Amino acid sequence: MFESVLITIATAATPLLIAAIGELVVERSGVLNLGVEGMMIMGAVTGFAVAMLTGSAWLGVFAAILVGAAFALLFGFLALTLVTNQVATGLALTLFGLGLSGMLGESFVGLPGVRLGAVDIPVLSDLPVVGRLLFGQDPLFYVSILLTAGVAYFLFSTRAGLMLRAVGDNHTSAHAQGINVIGIRYLALLFGGACAGLAGAYLSIVYTPQWVENMTAGRGWIALALVVFASWRPWRVVVGAYLFGGVTIGQLHAQALGVGIPSQLLSSLPYLATVVVLVLISRNRRLTMMNTPASLGRAFVPDR
Amino acid sequence: MKDLLKALAAATMLGLAAAGTAQAQDPTKACFIYVGPIGDFGWTYQHHQGLLQLEKEMGDAVETAYLESVPEGADAERAIERFARSGCDIIFTTSFGYMDATNKVAGRFADVKFEHATGYKREHPNVSTYNSKFHEGRYIQGVIAAKMSKAGVAGYIASFPIPEVVMGINAFVLGAQSVNPDFKVKVVWANTWFDPGKEADAAKALIDQGVDIITQHTDSTAPMQVAAERGIKAFGQASDMIKFGPQTQLTAIVDEWAPYYVERVKAVRDGTWQQQDVWAGLKEGHVVMAPYTNMPDDVKALAEETEEKIRSGAFNPFTGPINKQDGTAWLAEGEVADDKTLLGMNFYVEGVDDQLPK
Chain F
25 MFESVLITIA
35 TAATPLLIAA
45 IGELVVERSG
55 VLNLGVEGMM
65 IMGAVTGFAV
75 AMLTGSAWLG
85 VFAAILVGAA
95 FALLFGFLAL
105 TLVTNQVATG
115 LALTLFGLGL
125 SGMLGESFVG
135 LPGVRLGAVD
145 IPVLSDLPVV
155 GRLLFGQDPL
165 FYVSILLTAG
175 VAYFLFSTRA
185 GLMLRAVGDN
195 HTSAHAQGIN
205 VIGIRYLALL
215 FGGACAGLAG
225 AYLSIVYTPQ
235 WVENMTAGRG
245 WIALALVVFA
255 SWRPWRVVVG
265 AYLFGGVTIG
275 QLHAQALGVG
285 IPSQLLSSLP
295 YLATVVVLVL
305 ISRNRRLTMM
315 NTPASLGRAF
325 VPDR
Chain G
5 MKDLLKALAA
15 ATMLGLAAAG
25 TAQAQDPTKA
35 CFIYVGPIGD
45 FGWTYQHHQG
55 LLQLEKEMGD
65 AVETAYLESV
75 PEGADAERAI
85 ERFARSGCDI
95 IFTTSFGYMD
105 ATNKVAGRFA
115 DVKFEHATGY
125 KREHPNVSTY
135 NSKFHEGRYI
145 QGVIAAKMSK
155 AGVAGYIASF
165 PIPEVVMGIN
175 AFVLGAQSVN
185 PDFKVKVVWA
195 NTWFDPGKEA
205 DAAKALIDQG
215 VDIITQHTDS
225 TAPMQVAAER
235 GIKAFGQASD
245 MIKFGPQTQL
255 TAIVDEWAPY
265 YVERVKAVRD
275 GTWQQQDVWA
285 GLKEGHVVMA
295 PYTNMPDDVK
305 ALAEETEEKI
315 RSGAFNPFTG
325 PINKQDGTAW
335 LAEGEVADDK
345 TLLGMNFYVE
355 GVDDQLPK
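Residue numbers (the numbering used here), protein chains in the order written: chain F, 25 to 328; chain G, 5 to 362.
Errors might be hidden in some of the hints.
[Said to hold, decoys possible] Pair by pair, the computed Cβ-Cβ distance ranges are:
1) K313(G) with S28(F): 47 to 57 Å
2) D79(G) with N315(F): 49 to 59 Å
3) P263(G) with T108(F): 34 to 44 Å
4) S80(F) with N350(G): 46 to 56 Å
5) N315(F) with G235(G): 41 to 51 Å
6) P75(G) with V325(F): 35 to 45 Å
Keep in mind the hints are simulated off the structure, nothing from the lab.
Given the structure is predicted, the values throughout are model-derived calculations rather than measurements.
Built from N, CA and C at the ideal position, the CB exists for glycine as well.
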């Protein structure tokens, strides 16, 4: 039982982790894209539809990544090229995604989808307790961990990562140094969109293989909160996502066990935990400032 | 000149007459306010199926319009009023939270008929209320669950602690205990009507704790899929979910609104519409059980027998002796619960293994 509880937690945490790690890169480059929920739901509907029509779950996953990136490109064109307000544009992207996905997905409601099955590494997955957790999960679980490791390495150990952080911290200086601010931000946005699309596909292909309107149910917003929660540090996103998933699953188990705590309180626990941690980390102002990309959300127009 | 005038007058009269006949043949406009998206494959989806059936059966005689995802509250009033102004002859408001808004607008538009689902307020003569006895189906599910479960424990994924849901849990438990007095039900409150991921997680948590039957009062098909994946049995909710668990679904409670919608729109057309309060179930065909599948013949026979007993009116799921959860007496031997208590139900019956959220 312990093992299957851990696997359930991993399933709940993975989509949050994937979406949040993408948004982390975007925000590190100084752009605030509040459209995560919209890109996610577009990924979910596209992933489901393509998997359904072609019969291949992997094609669905790739289609979702492309659509997520395309949506991010739209955001980039508006917020970077036309320099619209980032907050308003992000919100518009979310509303647009929710509406459009509902329309596109209408004919796919009520159909069982294609599931991306778990991998099964022989012998290793039979190990007690951790066997299935480490060696018998769905492929995207491993992708989420690799993504985190990749982003952590890229941001803090490569020259390109340093440039991206420089753009996010002070776009004027970066520009003066000859770094292509807008270009880097476009690339970061594309990566973030691709991740959000992938996270959406995770919902409609792995988590619950079906399409229904609004099936992301606010997970894009949780991902956004996780980025702040992690104070823009990749591995802390993993901690946040698994903490959130753990409390969510834990409260369901507490209820099933018949623990005499009101279920409304238990349901709010994951959010309470997020608030508490946010308060704790923002106590130290200097530390928070150090990690926050200084140009976050600020518009950049070259040569002005 | 005079002749010309006469001719003109005649032409006008003819035209008027023609317009008059056209008026008589105008389609009746039926409008619907939905609380969720029509693609939820649950509550709103089934109401929309009712609308589609209405169009199919009445053809040109009816014109329909609907608004989806209308929030309960101030927005609802605006939406209903907009429909009332735009020439709707009858407006169906399909969620409990539209109750006050419906009555308020009804007071201002005496010529328009209003039908409010699941509510109890009829403040004006042009407001009717309607609801379905879903608990009749839940009693049958309880009977099946007790027969099919080897563990003797079922998992119940619930949404919000409102009377409708509490009544469902009680009916399920009573049905199960009619077969196995020791049968247990574990309840998990998802505190949402609709979040496939969370519903799936709730199902997994219940299964990990040893239940081998899952039933739900939330709207998505996710619990059914989880049950299928883990190889246990489950019941569908609101619509027939057999496609999501061909080897899993035992039966499903299907909300069938179409007969009611057709009947009421026809009544408006004939001018026979009158205010009423309808609470219909298996007997009237408003609650339909999906085919009994994935069970041995004797269980199927028992389920059909129970369904028939309820349908014919020979048996009411809430017939005494029934005690409340704390052991105090509620209904004496042979006593049947009255509708008012049921519709305001805020307590568990004996045998529910959960504390009711307050």
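Hint check:
no., hint, verdict
1, K313(G) with S28(F): 47 to 57 Å, "40 Å, violated"
2, D79(G) with N315(F): 49 to 59 Å, "40 Å, violated"
3, P263(G) with T108(F): 34 to 44 Å, "51 Å, violated"
4, S80(F) with N350(G): 46 to 56 Å, "50 Å, holds"
5, N315(F) with G235(G): 41 to 51 Å, "47 Å, holds"
6, P75(G) with V325(F): 35 to 45 Å, "39 Å, holds"
The structure does not agree with the numbered hints 1, 2, 3 stated previously, though it agrees with the rest.
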